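Trainee: Could you put together the complete structure from these sequences and hints?
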Amino acid sequence: MATRIDPIVSPKLTLEVLTPEQVGRIHEATLEVIETVGVRFPTPKALDLWEAHGATVDRERQVAKVPRKVIEDALALAPAAYVLGARDPSQDCPLDGEHVFAATDGCGIEVIDIETGELRRSRLRDVEEIARVADALDEVGFHWVPVSAQDKPAESRALHELAAIWKNSTKHAQTESIVTEHEARAAIEMAAAIMGGHDALRERPVLSMMQCTTSPLGQDGGSIEAALVAAEHGIPVGFMTMASSAFSGPATLAGTLVVGNAEVVSAMALMELAYPGCPVYYAAAQTAMDLRSGAYTGGGPEDFLFGAATNALADFYHVPLSMGAFATGAKEPDWQAGVENAMSCFMASVVTSDMLLGVGLLNGSRIFSYEQMLFDCEIYSIVRSMLKGIDTSDEGLALDAIREVGPAPADYLAIKHTRAHMRELWTPRFMERRPYGQWSEAPDRNRDWALEKARTILRTHQPDPLDPAVSAELDSIIAGVEADVASGKLVVAAHG
Amino acid sequence: MYEDLLAAMRQSIADGDQDAATATANQAIEEGLDPLVAIDEGYVPGLSYVGSCFSSGEMFLPDMMLAARAMNAAMAVLKPELARRSQERSVRGRVVIGTVKGDIHEIGKNLVGTMLSASGFEVVDLGVDVAPERFVDAAREHSADIVGVSALLTTTMTGQRTVVESLAAAGMRPGVKVIVGGAPVTRAWAAEIGADGYSEDAVGAVALATKLMEGAAGAAQG
Numbered sequence: 001m002a003t004r005i006d007p008i009v010s011p012k013l014t015l016e017v018l019t020p021e022q023v024g025r026i027h028e029a030t031l032e033v034i035e036t037v038g039v040r041f042p043t044p045k046a047l048d049l050w051e052a053h054g055a056t057v058d059r060e061r062q063v064a065k066v067p068r069k070v071i072e073d074a075l076a077l078a079p080a081a082y083v084l085g086a087r088d089p090s091q092d093c094p095l096d097g098e099h100v101f102a103a104t105d106g107c108g109i110e111v112i113d114i115e116t117g118e119l120r121r122s123r124l125r126d127v128e129e130i131a132r133v134a135d136a137l138d139e140v141g142f143h144w145v146p147v148s149a150q151d152k153p154a155e156s157r158a159l160h161e162l163a164a165i166w167k168n169s170t171k172h173a174q175t176e177s178i179v180t181e182h183e184a185r186a187a188i189e190m191a192a193a194i195m196g197g198h199d200a201l202r203e204r205p206v207l208s209m210m211q212c213t214t215s216p217l218g219q220d221g222g223s224i225e226a227a228l229v230a231a232e233h234g235i236p237v238g239f240m241t242m243a244s245s246a247f248s249g250p251a252t253l254a255g256t257l258v259v260g261n262a263e264v265v266s267a268m269a270l271m272e273l274a275y276p277g278c279p280v281y282y283a284a285a286q287t288a289m290d291l292r293s294g295a296y297t298g299g300g301p302e303d304f305l306f307g308a309a310t311n312a313l314a315d316f317y318h319v320p321l322s323m324g325a326f327a328t329g330a331k332e333p334d335w336q337a338g339v340e341n342a343m344s345c346f347m348a349s350v351v352t353s354d355m356l357l358g359v360g361l362l363n364g365s366r367i368f369s370y371e372q373m374l375f376d377c378e379i380y381s382i383v384r385s386m387l388k389g390i391d392t393s394d395e396g397l398a399l400d401a402i403r404e405v406g407p408a409p410a411d412y413l414a415i416k417h418t419r420a421h422m423r424e425l426w427t428p429r430f431m432e433r434r435p436y437g438q439w440s441e442a443p444d445r446n447r448d449w450a451l452e453k454a455r456t457i458l459r460t461h462q463p464d465p466l467d468p469a470v471s472a473e474l475d476s477i478i479a480g481v482e483a484d485v486a487s488g489k490l491v492v493a494a495h496g
Numbered sequence: 001m002y003e004d005l006l007a008a009m010r011q012s013i014a015d016g017d018q019d020a021a022t023a024t025a026n027q028a029i030e031e032g033l034d035p036l037v038a039i040d041e042g043y044v045p046g047l048s049y050v051g052s053c054f055s056s057g058e059m060f061l062p063d064m065m066l067a068a069r070a071m072n073a074a075m076a077v078l079k080p081e082l083a084r085r086s087q088e089r090s091v092r093g094r095v096v097i098g099t100v101k102g103d104i105h106e107i108g109k110n111l112v113g114t115m116l117s118a119s120g121f122e123v124v125d126l127g128v129d130v131a132p133e134r135f136v137d138a139a140r141e142h143s144a145d146i147v148g149v150s151a152l153l154t155t156t157m158t159g160q161r162t163v164v165e166s167l168a169a170a171g172m173r174p175g176v177k178v179i180v181g182g183a184p185v186t187r188a189w190a191a192e193i194g195a196d197g198y199s200e201d202a203v204g205a206v207a208l209a210t211k212l213m214e215g216a217a218g219a220a221q222g
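Line by line, the protein sequences give chains A and U. All residue numbers for the first sequence refer to our numbering, where the first residue is 1 and numbers rise by one. All residue numbers for the second sequence refer to our numbering, where the first residue is 1 and numbers rise by one.
Simulated from the structure, these hints should not be mistaken for lab results. Note that the coordinates shown come from a computational prediction; the quantities given were computed from them, not determined experimentally. Watch out, some of these pointers could steer you wrong.
[Stated by the list, open to error] Taking lysine to aspartate or glutamate and the DMTMM-like style, the derived pairs with C-alpha atoms no more than 20 Å apart in a straight line are:
#1 A:Lys65 to A:Glu28
#2 A:Lys12 to A:Asp391
#3 A:Lys167 to A:Asp88
#4 A:Lys331 to U:Asp201
#5 A:Lys416 to A:Asp400
#6 A:Lys331 to A:Asp88
#7 A:Lys331 to U:Asp196
#8 A:Lys152 to U:Glu200
#9 U:Lys211 to U:Asp196
[Claimed, not checked] Stretch by stretch, here's where chain U covers chain A in the computed footprint (C-beta under 8 Å, at least three residues):
#10 148-155
#11 292-304
Idealized CB from N, CA, C, for every residue including glycine.
Mentor: Next up, the structure:
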């Protein structure tokens, strides 16, 4: 049976990181940048579109400078709400500005082995197993391809990853690994096979795509071409800026927001010009460069501010947001991972980011850990509980119960009001709350509990299987792509 | 007699001021200062100062990059003068770098190139989307000591192995060292493909290249 997804709904807490006036300033600056500095779109398909719509195009530098009105008119065509479809309709994720759905993170390259604890390169089987564990977790709303199937050929890897998720879970699948037209077309054929046709797929897309921009002020050519294929078929497509303050963005936070905003907004506008009304979304995981190494840090006060500020921008453009959270730079599931992921999850959730990416990765989204995935879900469940706020109805004020119990000595342990409401209180799974004596006698760690939980799920959880005929069709689509590459019919182009 | 000028040279690097570095280099040529003296007693001590501040945590990567670019700006002025005087700056090693075929990411590679060049290595940058045979040809043409291969994607990092194999097939290994880098590259990967080292950042890459050159010198002596 499909796991019930239990998302954050309509957070009761509010936080204003940017005032409407500040959002307006960022928007104005963004339009000025797009119009006067321009954005690089290294594919003739995009440059032709821009030129046809009145942009100034520098073919040599592959840069488009787009008048503000073109951008604003195009963005107005983007739908404000739509659904991420799941194989099981009860697991559909409505992106409607009321829900916050957490996903697995992606796309890692190494895995801490669930049995041996050894750090090793990721493979297809990891994608299958992680999908199966994530399928059972009520905090996980949908899948992002969590790790790279490095035992599969480059030209079909992204397709193997998607098939592995659909075969091991009934939840929605989103990928950031599709960066060419041919992969996009094949992936959409696979999704259509699952849904029984392209119209049904358009209605409830079981697939969505995410493309990374190339900061500063650049796009990836192959990614934009793949995105155009997605937009053509009504597959939701988002554009993620990972602008890093002082590195690929200005050292100031507002400057980094402007640079990233110009990247995302220009890509979304291009999709709307090509296919008016197609579902697009804003995606972001800005950070501040580590000043010593230049590395992407994935967890500092700047990241947390970006996490909340970006939703103000997505709201301003009336598009859903997928926000990078849980992006800890910690090397193992430790104190640092807890602090960073708790803060990033809270800040992105309190402002109702529609999608949260994502649970389970360490070392700046490079190393997958089952323990970390379970810990991140625990963090999500804490935040979910907080965002329900405080109920001050009569039942919440509990005057009847207070009268019934009266002044001390007395307690609320064994009254009906307690029994009726105690399960609304949060209960930890991986926090150490035992008395000190018990802990000192059996000092197993919360990490052991999390690992054991993941192992149990992997042993026992069987998601509703994919129809064998559909499963075979997915395999044959992938085999077709591999045969085309082998025969030279399909040339895998350079991308980056 | 050139003490003030040499001090200004050191300062230009410490400040990461390209204009000042270029101006002091031009002044050196006008006033007849030996360019090797300008480099060794002016600019290099400036760079060493920045390096030590970086190590102690007082300066950050942008300080290093500004200093490196100022250093390279000064060198661009002094190189023709060195050639005119038939002088040569002692080179710490010759490095050919590039991003593998199929991959067009270059920020990390450029960072490494700038830092190596400022640190006294001669750097030949082949750019992005570089075929393995171009790495081999360039390594031969420039008598490279080290070939640096960058890759940012899991789908392209296998190209690093191809470069190692191509150099071996051309009979240039283990004389020519191979260093690899990029987001998906790990120590284990570097070991698996038989590279001589990897670094996770540009500062580490300079240390690695220096170590490999010392190793090569040691091997040559031994």
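Trainee: Hints first: check each against the structure and report whether it holds.
Mentor: Now for the hints, and whether the structure bears them out:
1. A:Lys65 to A:Glu28: At roughly 15 Å apart (the allowed maximum being 20 Å), Glu28 of chain A and Lys65 of chain A satisfy the hint.
2. A:Lys12 to A:Asp391: Answer holds: Lys12 of chain A to Asp391 of chain A is near 10 Å, not above 20 Å.
3. A:Lys167 to A:Asp88: Judged against 20 Å, a Cα distance of about 12 Å means the pair holds.
4. A:Lys331 to U:Asp201: At roughly 17 Å apart (the allowed maximum being 20 Å), Asp201 of chain U and Lys331 of chain A satisfy the hint.
5. A:Lys416 to A:Asp400: 11 Å, holds
6. A:Lys331 to A:Asp88: 35 Å, violated
7. A:Lys331 to U:Asp196: Given pair Lys331 of chain A, Asp196 of chain U is violated - Cα atoms ~25 Å apart, limit 20 Å.
8. A:Lys152 to U:Glu200: 26 Å, violated
9. U:Lys211 to U:Asp196: Judged against 20 Å, a Cα distance of about 11 Å means the pair holds.
10. 148-155: holds (count 3)
11. 292-304: holds (count 4)
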